[in-house]
Amino acid sequence: MKHIAIWKYFSSFETTSEEIDSSAFDNKLEQVESEIRALLAKHGLKLLSQEGRFIPMEKMSTCYCDACGHLMMNRDENPARFDGSPLYADLEFVILDGGNHEGRSLCQECLPISHRWGLFS
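For the numbering used here, count along the sequence shown from 1 and bump the result up by 26.
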(Lines of atoms letter the chains of each structure in order from A; the text may use other names.)
(Lines give C-alpha, C1' and ligand atoms only; values in the text may rest on other atoms or scores of the structure.)
Protein backbone atom coordinates (compact mmCIF):
# COMPACT_ATOMS: atom_id res chain seq x y z
CA MET A 27 0.00 0.00 0.00
CA LYS A 28 1.35 3.44 -0.93
CA HIS A 29 1.07 6.40 1.39
CA ILE A 30 1.72 10.08 0.88
CA ALA A 31 3.57 11.79 3.73
CA ILE A 32 2.64 15.43 4.18
CA TRP A 33 4.58 17.53 6.70
CA LYS A 34 3.75 20.98 7.89
CA TYR A 35 6.40 23.41 9.11
CA PHE A 36 5.77 26.76 10.74
CA SER A 37 8.11 29.71 10.95
CA SER A 38 7.60 33.28 12.07
CA PHE A 39 9.12 36.72 12.11
CA GLU A 40 8.04 40.02 13.57
CA THR A 41 7.20 42.84 11.20
CA THR A 42 5.41 46.18 11.26
CA SER A 43 2.29 47.49 9.56
CA GLU A 44 4.53 49.73 7.45
CA GLU A 45 6.58 46.76 6.21
CA ILE A 46 3.39 44.84 5.41
CA ASP A 47 1.92 47.79 3.49
CA SER A 48 5.13 48.32 1.52
CA SER A 49 5.79 44.59 0.94
CA ALA A 50 9.33 45.26 2.17
CA PHE A 51 10.00 41.63 3.04
CA ASP A 52 8.74 40.03 -0.20
CA ASN A 53 12.25 39.58 -1.64
CA LYS A 54 13.49 38.01 1.58
CA LEU A 55 10.59 35.54 1.62
CA GLU A 56 11.12 34.67 -2.05
CA GLN A 57 14.78 33.91 -1.31
CA VAL A 58 13.85 31.75 1.70
CA GLU A 59 11.27 29.86 -0.38
CA SER A 60 13.84 29.24 -3.12
CA GLU A 61 16.33 27.87 -0.58
CA ILE A 62 13.67 25.66 1.02
CA ARG A 63 12.70 24.25 -2.40
CA ALA A 64 16.36 23.45 -3.13
CA LEU A 65 16.87 21.80 0.27
CA LEU A 66 13.73 19.68 -0.11
CA ALA A 67 14.68 18.67 -3.66
CA LYS A 68 18.09 17.57 -2.37
CA HIS A 69 16.24 15.00 -0.25
CA GLY A 70 13.69 14.02 -2.91
CA LEU A 71 10.88 16.14 -1.47
CA LYS A 72 8.66 18.82 -3.01
CA LEU A 73 7.27 22.03 -1.57
CA LEU A 74 3.56 21.65 -2.28
CA SER A 75 2.24 24.88 -0.83
CA GLN A 76 2.83 27.59 1.68
CA GLU A 77 0.74 30.37 3.12
CA GLY A 78 1.23 33.32 5.38
CA ARG A 79 -0.91 35.15 7.87
CA PHE A 80 -0.36 38.37 9.72
CA ILE A 81 -1.51 38.42 13.32
CA PRO A 82 -1.63 41.82 15.03
CA MET A 83 0.32 41.05 18.19
CA GLU A 84 -1.10 43.74 20.46
CA LYS A 85 -4.70 43.36 19.28
CA MET A 86 -4.60 39.57 19.75
CA SER A 87 -2.48 39.74 22.95
CA THR A 88 0.18 37.60 21.32
CA CYS A 89 3.68 37.62 22.80
CA TYR A 90 6.57 35.35 23.72
CA CYS A 91 6.55 33.42 26.98
CA ASP A 92 8.82 35.13 29.49
CA ALA A 93 10.10 31.74 30.69
CA CYS A 94 10.65 29.61 27.56
CA GLY A 95 10.20 32.03 24.63
CA HIS A 96 7.36 30.07 22.97
CA LEU A 97 4.82 32.13 21.04
CA MET A 98 1.65 32.46 23.11
CA MET A 99 -1.65 34.26 23.35
CA ASN A 100 -2.29 35.83 26.73
CA ARG A 101 -5.79 34.55 27.47
CA ASP A 102 -6.09 36.74 30.57
CA GLU A 103 -6.00 39.69 28.16
CA ASN A 104 -7.77 37.98 25.21
CA PRO A 105 -10.10 35.26 26.56
CA ALA A 106 -11.81 34.83 23.16
CA ARG A 107 -8.57 33.65 21.48
CA PHE A 108 -9.28 33.53 17.71
CA ASP A 109 -13.08 33.50 18.19
CA GLY A 110 -13.31 30.06 16.56
CA SER A 111 -12.25 31.35 13.15
CA PRO A 112 -11.23 28.41 10.91
CA LEU A 113 -8.50 30.66 9.45
CA TYR A 114 -6.48 30.10 12.61
CA ALA A 115 -7.42 26.50 13.45
CA ASP A 116 -3.99 25.08 12.60
CA LEU A 117 -2.20 27.61 14.80
CA GLU A 118 -3.33 26.06 18.09
CA PHE A 119 -0.07 24.12 18.25
CA VAL A 120 2.04 27.11 17.23
CA ILE A 121 0.51 29.83 19.40
CA LEU A 122 -0.06 28.35 22.83
CA ASP A 123 -2.53 29.61 25.40
CA GLY A 124 -1.02 31.50 28.29
CA GLY A 125 -1.67 34.08 30.95
CA ASN A 126 -0.24 36.35 33.61
CA HIS A 127 1.45 34.98 36.71
CA GLU A 128 3.44 37.00 39.22
CA GLY A 129 3.97 39.84 36.75
CA ARG A 130 5.13 37.61 33.89
CA SER A 131 3.45 36.41 30.70
CA LEU A 132 3.75 32.62 30.70
CA CYS A 133 2.58 30.00 28.20
CA GLN A 134 0.33 27.12 29.23
CA GLU A 135 3.35 24.87 29.69
CA CYS A 136 5.15 27.28 32.03
CA LEU A 137 2.13 28.42 34.06
CA PRO A 138 1.50 26.58 37.31
CA ILE A 139 -1.25 23.98 36.99
CA SER A 140 -3.34 25.99 39.44
CA HIS A 141 -3.61 28.84 36.91
CA ARG A 142 -6.74 28.92 34.74
CA TRP A 143 -4.70 28.62 31.54
CA GLY A 144 -2.07 26.23 32.91
CA LEU A 145 -1.64 23.15 30.71
CA PHE A 146 -3.22 20.69 33.08
CA SER A 147 -5.68 22.98 34.85
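Please note that the accuracy of each hint is not assured.
Taking lysine to aspartate or glutamate and the DMTMM-like style, the derived pairs with C-alpha atoms no more than 20 Å apart in a straight line are [said to hold, decoys possible]:
no., residue 1, residue 2
1, Lys34, Glu118
2, Lys68, Glu56
3, Lys34, Asp47
4, Lys72, Glu61
5, Lys34, Asp116
6, Lys34, Glu77
7, Lys85, Glu56
8, Lys85, Asp47
9, Lys72, Glu59
10, Lys54, Glu44
11, Lys85, Glu44
12, Lys85, Glu103
13, Lys72, Glu45
14, Lys85, Asp109
15, Lys72, Glu56
Simulated DEER-style distance windows between Cβ atoms [to be verified]:
no., residue 1, residue 2, range
16, Ser140, Gln57, 42 to 48 Å
17, Ser140, Glu77, 16 to 22 Å
18, Arg130, Lys72, 18 to 24 Å
19, Lys72, Glu44, 30 to 36 Å
20, Glu61, Glu128, 37 to 43 Å
21, Gly78, Met27, 17 to 23 Å
These are computed hints drawn from the structure, not numbers from a lab.
Values in this document were obtained by computation on a predicted structure and should not be read as measured data.
Ideal placement from N, C-alpha and C gives every residue a C-beta, glycine not left out.
Violations among the numbered hints: 3, 7, 13, 17, 18 and 21
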